[in-house]
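Novice: Chains as they are written, first to last, in our numbering: chain B, 1 to 277; chain Z, 1 to 293; chain P, 1 to 277.
Derived from the structure by calculation, the hints contain no laboratory data. Certain hints may be false.
Said to hold, decoys possible - The list that follows gives simulated cross-link-like pairs (lysine to any residue, SDA-like), each with its CA atoms no further than 25 Å apart:
id	chain 1	residue 1	chain 2	residue 2
1	B	LYS164	B	LEU134
2	B	LYS38	P	ILE139
3	B	LYS107	Z	LYS270
4	Z	LYS270	Z	GLN204
5	Z	LYS98	B	PRO122
6	B	LYS18	P	ILE103
7	Z	LYS135	B	LEU134
8	P	LYS113	B	VAL27
9	B	LYS106	Z	LEU100
10	Z	LYS142	Z	GLY96
11	B	LYS107	P	GLN99
12	Z	LYS24	Z	HIS40
13	Z	LYS130	B	MET194
14	P	LYS173	Z	ALA162
15	P	LYS59	B	LEU134
Stated by the list, open to error - From the derived model, a few chain B residues whose C-beta atoms are all more than 10 Å from chain P:
id	residue
16	LYS18
17	LEU21
18	THR82
19	LEU91
20	LEU120
21	PHE210
22	TRP268
As the list claims (entries may be wrong) - Label pairs and their calculated CB-CB ranges:
id	chain 1	residue 1	chain 2	residue 2	range
23	B	GLU168	Z	SER26	47 to 53 Å
24	B	ARG182	P	PHE92	46 to 52 Å
25	Z	LEU267	B	GLU168	36 to 42 Å
26	B	VAL27	P	TRP274	41 to 47 Å
27	P	ALA40	Z	ASP247	28 to 34 Å
28	P	TRP274	Z	GLY132	37 to 43 Å
29	Z	LEU267	P	HIS176	40 to 46 Å
30	P	TRP274	Z	LYS135	22 to 28 Å
31	B	VAL261	P	TRP274	34 to 40 Å
32	Z	ASP195	B	ARG182	24 to 30 Å
Remember, it's a predicted structure, so these values are computed and weren't measured experimentally. Every residue, glycine too, gets a C-beta built ideally from N, C-alpha and C.
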Amino acid sequence: MTDTNLPAPHAANLPIEKYVLAVTGLVGFVVLWYASVKWLPIDAFNRLPDPLAVIVEWTSPDPDYGISIFTADYYTHIFYSTYRALSAFVLAVVLGVPLGIFMGWKKSVHNYAYSLLGLLRPVPPLAWVPIAILLFPGVELAVIFVTFLVAFFATTMNTLVGVKAIPEDYFRAAACFGASDRDILRDIVIPGAMPSIFTGLQIAMGAAWFSLAAGEMIAAQYGLGFIIWEAYNLIQYPTIVIGMATLGLVGYVSSMLVRWVGKRLMVWHEQKLGMAG
Amino acid sequence: MTKASITNVKTPSSALADRPASGKVSVRNVTKIYDPEGVHVVALDGFSMDIEAGDFVAIVGPSGCGKSTLMNILAGFDTLTTGEVYLDDQLLAGPGTKPLPGSDRVVVFQQGALFPWMTVLENVTYGLMKKGVLKRAEANEKGIEFLERSGNLGRIANSYPAQLSSGMQRRVEIVRALINDPKILLLDEPFRAMDTVNKNRMHQHLLRIYQATRKTIMFITHDLEEALFLADRVIVMTTRPGTMKMDIAIDLPRPRDHAMMASEAYLALKQQAVFAVREEAKRAFDRGEREMA
Amino acid sequence: MSDEISTTANDASANAPVKRRAKSRWNISSWNWRGFVSIACFFLAWQGAVSLELPGFTKIPGPSEVVHTFVNDYLFTQSYWNSWLVSFERVFWGFALAQIIGIPFGLFLGTSKLFNNLVFPVFEMMRPIPPLAWVPLSILFWPTTESSIIFITFIGAFFIITINIYDGVRSIKQEHIWLARSLGASRIRIFRRIMIPAVLPAIAVGMTLGIAVTWNVVIAAEMIASDSGLGRLTWEGYVSSTPPVVIVGMISIGIAGYLSTMIVDIIERRMMPWKYK
């Protein structure tokens, strides 16, 4: 176990062996979970739902607590969460990317915006929940607003960093060839910042789900976060885990999608990485 | 306009092209003072020089001697404090003029500035497209033509810069500059990060291009050998504040090859220059020590 | 042309200006008046929107009212400062535990192939679950609210810290380890002299990200499931229909978050003196 060898890519590590270990790990985790809930004489563990109960509930055509892959409710909740996360994310991208680009590119925009962002940023997004409820008509908009805030900061900051990291010589070279301000924006600033923008979008997507879950627990009538909290209050413990797992799954899939789009858009960047080994 | 720009790059024994009609540079008494946050730095102090159209001039000096400042002023990246710069007797920069880069003075950068997100062909045709005279297809055709002439680079037209070796990247960058038919080519230590073998090959390549096009070239370097080998004139700059220390005419025959570097005429010139460069390097070093203390 | 082209550092300014830093940080020329303008505009717009009773702002107090409430009802009360203390304690414990467990865990994941293959899939499966989705299970499992909030906070920071350390270890060049081995260094020595310095920057990144997440999680957890702390203070302002309290809470949280970031920054500087001149 205490081998100081790093898992180097070229080291002889049979994929089959790797899969066996991975499956062992996952099975071991489930068994350990089951065993500690069912057999361990500790009260704290016994209160938790066991994996078998979760799986049975999740795949039952007639679930005890009303939520399984065969019920329409399940998909309604998924739909609500996805809709909120997506609208917040899109809004964050539409506002955050341009703002970050201009902050990185034009000193004066940076000066105007940076102090204000610096003033608002230390307040954790979830602390905005109460004020958002007061500010917006209806809980729906409030939850979306809070989700938007986190995604917005992540997007803006990463875009800003991306623009700042573009070598000065690229701007100069473009200027040599008579590029106008608009050309520079289109040909240098946007493509140059693209890798960093997509890193930001991935972070933003993760952050969006993070605060969406909390927002829905605090103040919503539908959604996966709501399920989790509702199931807790109604003592429907297996449903809690169904909600958690679904949240994880949906969050993971959306990050994958962002990454996939990024790869598609940045062929040049992929190839660069490929060259580096 | 010289339309047959680099027709014969591939044949090394070609005769030197005729002196072009344009590309004359005149730098008159230029001073550049930086004043960031109240710190007074004189980068250039009354620097003057004249470059004839079609000359290959190398500027040598220790780092921090103001040679990059000079280049930035010429390229239109920076202002000057006093003095004037003329290109073909037209005022390019004076006190208070707005710095304006243009495709008549294209820079090849030290770190390389091919746009990584554009293919080689897109990079090469960038300047043509910005001028807006040619259509995309015409520009591509011209781009391929220029790449082909520069040692069969046509085959990499659709590669991205990161897929090329640094030597290849430099060649492409030079093509990207030449295709715009600039009056003067500004080379800012373009071969700095290369190993000796590649550097020598790039020297040959650059000389072939010069032979064929006879563009005015200003070549900035801190490598004296490189300067002597390539240029018609080597200007040695003093350490900050930058002034001209020595102006050496290199009247060695062209085409040149590395055998020339053993000739007596070359060694005599080198001897003359080495001392001057050493002296400035030492002064720069001593100043650095003082400033660190 | 853009600002970048005309006002850049080059030869002279890059190569040792005589004095490295300007004498005063507060001289007039470098004073960012644009930032001041935008912040002033923000407060004016806020007050204006409240005074004009724009839609959405009917229930929102203006800045003056907030200051008034803060000074009269909170600044000198024991309970207000107690909220600070309680939240800070939770953040501290969650953060510290995540470091104590996350750093060795990340090191182990990065160095042991067996452990990696066995555990990493499970780790990756849990990672996308938003920390706050753990709230119900955490309450079920832990005997006190205090411990469950600390646990959720820990979860929030743990994954980020671990993944950063893991990436840090993997970025160590195999050659360095081979070299050290060939020079006869023992495993402990390799660990101490190569691994630890190499992952220090990763630890620092994990700390910076971790502290931000920690505050976010603590605030939300307090709103959902606690009767003390700054998050609760804010939420109670909403529940008891005293909106000025909501904003007092938000600002307090912002300041608290900012202070913790500063503390983390100081620790990082101590850890890596070579990174900061």
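Novice: Hint by hint, say whether it matches the structure.
Specialist: Going down the list of hints, with the structure as the test:
1. Our distance criterion of 25 Å between C-alpha atoms is broken by B:LYS164 and B:LEU134, whose separation comes to about 37 Å.
2. For the hint pairing B:LYS38 with P:ILE139, the CA-to-CA distance comes to about 19 Å; that is within 25 Å, so the pair holds.
3. Pair hint B:LYS107 plus Z:LYS270 does not hold up; C-alpha atoms about 47 Å apart against a cutoff of 25 Å.
4. Taking the CA atoms of Z:LYS270 and Z:GLN204, the gap is near 19 Å; set against the 25 Å cutoff, the hint holds.
5. A hinted pair counts as satisfied when its Cα atoms are at most 25 Å apart, and Z:LYS98 with B:PRO122 does not qualify at roughly 41 Å.
6. Distance hint between B:LYS18 and P:ILE103 is fulfilled; the C-alpha atoms sit about 24 Å from each other, no more than 25 Å.
7. Pair hint Z:LYS135 plus B:LEU134 does not hold up; C-alpha atoms about 57 Å apart against a cutoff of 25 Å.
8. For the hint pairing P:LYS113 with B:VAL27, the CA-to-CA distance comes to about 18 Å; that is within 25 Å, so the pair holds.
9. Pair hint B:LYS106 plus Z:LEU100 holds up; C-alpha atoms about 18 Å apart against a cutoff of 25 Å.
10. At roughly 38 Å between alpha-carbon atoms, Z:LYS142 and Z:GLY96 are farther apart than 25 Å, so this suggested pair is violated.
11. As the CA atoms of B:LYS107 and P:GLN99 are separated by approximately 38 Å, the hinted pair breaks the 25 Å bound.
12. Taking the CA atoms of Z:LYS24 and Z:HIS40, the gap is about 32 Å. The hint is violated against a cut of 25 Å.
13. At most 25 Å may separate the alpha-carbon atoms for a hinted pair to count; Z:LYS130 and B:MET194 meet this at roughly 22 Å.
14. Under the criterion of a C-alpha separation no larger than 25 Å, the hint pairing P:LYS173 with Z:ALA162 is consistent with the structure, at around 22 Å.
15. Among the hinted pairs, P:LYS59 with B:LEU134 is consistent with the structure: their alpha-carbon atoms are about 6 Å apart, no more than 25 Å.
16. At roughly 5 Å from the closest C-beta of chain P, the C-beta of B:LYS18 falls inside 10 Å, breaking its exclusion from the interface.
17. Annotated as non-interface, B:LEU21 brings its C-beta within 10 Å of a C-beta of chain P; the closest such distance is 4 Å.
18. Chain P leaves B:THR82 outside its interface by the beta-carbon criterion, the shortest separation being 14 Å against a cut-off of 10 Å.
19. Consistency note on B:LEU91: stated as away from chain P, and its beta-carbon is indeed over 10 Å from all of that chain's, at 17 Å minimum.
20. At roughly 8 Å from the closest C-beta of chain P, the C-beta of B:LEU120 falls inside 10 Å, breaking its exclusion from the interface.
21. Listed as outside the interface, B:PHE210 is inconsistent with that label: its C-beta sits roughly 5 Å from the nearest C-beta of chain P, within the 10 Å cut-off.
22. Even its closest Cβ contact with chain P, about 22 Å, leaves B:TRP268 beyond 10 Å, as expected for a residue assigned away from the interface.
23. The hint said 47 to 53 Å for the Cβ distance between B:GLU168 and Z:SER26, and at roughly 28 Å that hint is violated.
24. Taking 46 to 52 Å as the suggested C-beta distance range, the pair B:ARG182 and P:PHE92 conforms, at roughly 51 Å.
25. Range check, Z:LEU267 to B:GLU168: about 40 Å between beta-carbon atoms, so the 36 to 42 Å window is met.
26. One distance hint, 41 to 47 Å for the beta-carbon pair B:VAL27 and P:TRP274, holds here, with the actual separation near 46 Å.
27. Here the CB-CB span from P:ALA40 to Z:ASP247 is close to 58 Å, at odds with the stated 28 to 34 Å.
28. Evaluation of the 37 to 43 Å hint for P:TRP274 and Z:GLY132 yields a failure: the beta carbon distance comes to about 50 Å.
29. For Z:LEU267 paired with P:HIS176, a C-beta distance near 45 Å keeps the hint of 40 to 46 Å intact.
30. The beta-carbon spacing between P:TRP274 and Z:LYS135, approximately 55 Å, falls outside the hinted interval of 22 to 28 Å.
31. About 38 Å separates the C-beta atoms of B:VAL261 and P:TRP274, a value consistent with the hinted range of 34 to 40 Å.
32. The given range of 24 to 30 Å is broken by Z:ASP195 and B:ARG182, whose C-beta atoms sit roughly 40 Å from each other.
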